[in-house]
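Number of protein chains: 2
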Amino acid sequence: MIKVNNNFSKLQKNYLFAEISQKVADFTKINPDKKIIKLGIGDVTKPLVPAVIEAMHKAVEEMADEKTFKGYGPDYGYDFLINKIIECDYKSRGIDLKKDEIFVSDGAKSDTANITDIFSIDNKIAITDPVYPVYLDSNIMSGRTGEYNEFTKKYENVTYMKVIEENSFVPELPKEGVDIIYLCFPNNPTGTTLTKDDLKKWVDYAKQNNAVILYDSAYEAYITEENVPHSIYEVEGAREVAIEFRSFSKTAGFTGMRCGYTVVPKDLKIAIGSGEKIGINEFWARRQSTKFNGVSYVTQKAAEAVYSLEGQKQIKENINYYMENARIIKQGLEKAGYTVYGGINAPYIWLKVPKGLSSWEFFDKLLEEKNIVGTPGSGFGPSGEGYFRLTAFGSRENTIEAVKRLTQEM
Amino acid sequence: MIKVNNNFSKLQKNYLFAEISQKVADFTKINPDKKIIKLGIGDVTKPLVPAVIEAMHKAVEEMADEKTFKGYGPDYGYDFLINKIIECDYKSRGIDLKKDEIFVSDGAKSDTANITDIFSIDNKIAITDPVYPVYLDSNIMSGRTGEYNEFTKKYENVTYMKVIEENSFVPELPKEGVDIIYLCFPNNPTGTTLTKDDLKKWVDYAKQNNAVILYDSAYEAYITEENVPHSIYEVEGAREVAIEFRSFSKTAGFTGMRCGYTVVPKDLKIAIGSGEKIGINEFWARRQSTKFNGVSYVTQKAAEAVYSLEGQKQIKENINYYMENARIIKQGLEKAGYTVYGGINAPYIWLKVPKGLSSWEFFDKLLEEKNIVGTPGSGFGPSGEGYFRLTAFGSRENTIEAVKRLTQEM
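Residue numbers (the working numbering), protein chains in the order written: chain A, 872 to 1281; chain B, 872 to 1281.
Zero decoy hints are in this set.
Derived BS3-like pairs (lysine-lysine); straight-line CA-CA distance at most 25 Å:
1. A:K1071 with B:K874
2. B:K969 with A:K900
3. A:K874 with B:K1148
4. B:K1137 with A:K874
5. A:K906 with B:K941
6. A:K1148 with A:K969
7. B:K1024 with A:K1162
8. A:K884 with B:K1140
9. A:K995 with B:K874
10. B:K884 with A:K1140
11. A:K884 with B:K1148
12. A:K884 with A:K1236
13. B:K970 with A:K884
14. B:K1046 with B:K1140
15. B:K917 with A:K938
16. B:K884 with B:K995
17. A:K995 with A:K1071
18. B:K909 with A:K938
19. B:K900 with A:K969
20. A:K1137 with B:K881
21. B:K1072 with B:K995
Everything labelled a hint here was simulated from the structure, so no lab data went into it.
Whole structure, please, built from the sequences with the hints as guidance.
Here is the structure:
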């Protein structure tokens, strides 16, 4: 008799962003005349840059001609893209990676969710709190957590590492043994960062405890400060303990295009029985060649164009545009008396909700009174309660209008 | 201490097609002057049709303009595509499906591999033998099989259902209880089909045994005979027991584009404790919204164009071209005395290897003496031993040349 995966029953009912969409849809139905400004989901709004558009048109033409048509591509991505990644994203920062350490994929969301396929169910995970929900939910589904505790609002058998005002948003090293550590910096949702020294402590901890760090640097392109590492491999020893996830989604506006990549260094070896060590690069290679079939050729040509001189200039203009929005939101809110974090090395503004309100109450109030959609901090974990996330991905006009509405007496 | 997923160690060393690629690369290195004809991997060679190319250029232009740019799309696909799927692939055959029963994805390979996320590890799987390797390998990885038995060349705790000459390539219903049944018809690798009556027996069996059928109909566009079902939902009661996978890869030459879809009917309900039944449509919906982020907008517009009048006409021309290749291979080989199956409702020709040779020996002989690459039947399972797969996806010229070489004395 067929049996379902009972771990699914442990999941909280709604995926955060689905719940927000529903609330907005309900509100719009009753108030069709209100002009809602959406600063909730971290989705870009600027169109693809001209260099990318040009590359895509060319690639489409190649697909139209028998002589240049591309069928199945290499499982892990075309060399033309992998070489650019190695050269521009890593070598330029003094990091040497080999071609077979890079795996091009349809995005960091899939990869951060699928990566745990290669690890035993018995591993204990550690996540920051608040956290990007995918890390937790994918582990709930695969059975790596206990049940949800209504009282603590946490799952049993998961280590939650607070990322809050009181510790300057720098998580403390876990006291109990953990095996898989998720770190996302610049952080989603708080918009805060770690210095290289902070990150070094994590790499050392992972080495000492035989743990693996899953490092999501999807927002690295938004870093403006000098002492903030773009890649975990800037830290010595990291290639022995860390897998890094990157995405073109925020870097180049590819949220609707689906392309990212994952770095699994060959130096990352795990002890198996009898003291032998095994490289997990080959585990991921096997997982991907079995359960994934590569990324669209047209999309990979688009990603390659991101690295051209023109492409780099153009995407930086867009990033600067978003970061100017971040500045406007941050300074506007500070002027109005809010306590605000993030927004300097990330497109996220993490604000403290006015006293007496929960994150969801603030969400409702903002939607109803200001017609602004943000994301309640508690949706990212119990320590997100009392915080609220706004994104800098709106248009300048909407951003200014939102700040105007937000700074008016509520 | 981090632990790897030990199930990976149960996998046979090489993914079939990787092994073939390696052999071909080695041969080419030593014999750079030989003109190799590849009829191995089932990859298309005709370029994308004009209707698709036009739609892609338009979609790229939309991505260039702020007013029409698309960021994150709906997790399960855009309505414009889902509506076409429902209308053209199902309604036209008398099958009614609702919008939320269709899940657009990056291909049938990913979906057939990922679908088991929603089922318990404790289920017993049944696969045909020979079989498309992904069904088996994805279950080995997730721990749903025992160890590999060198002697039987089978995995423990898996039901292998022979699809061989002796049973006219119609698998027998399993005698032991099985929970998850993989069926792929028109079949890869044998190219053979089931009639509607054959398929009815499976639907009835699944109902009686509370099993789920995972039905891969990636090759339905190649069906030329009347009594061969294109969808399992043509069989009464199938929506209560079957999930169907479709792909644009072979239908429209999308192997390098990555688009397919999966149908999970709401009527497919599974008993959980206390006699309650639960719809697994919502399990897959949750799986996809958590671990997948939709398909590129440009690719979905391309897929939509497949359903236009022009698109339908153009893809049928390509399919006819490939099926004419199939006819040439089939008739040529028969004339030369080979026993040949498939090639009538599928782009695959499944031939019996001359007596005294194993499938891999025939592979080597063909590569070395005829410079033709095919796929050894034993790579698809122990009952594939003694068979060999050729595909009809080559150019006409190469196909004719291959048949000429094959029919010369070996």
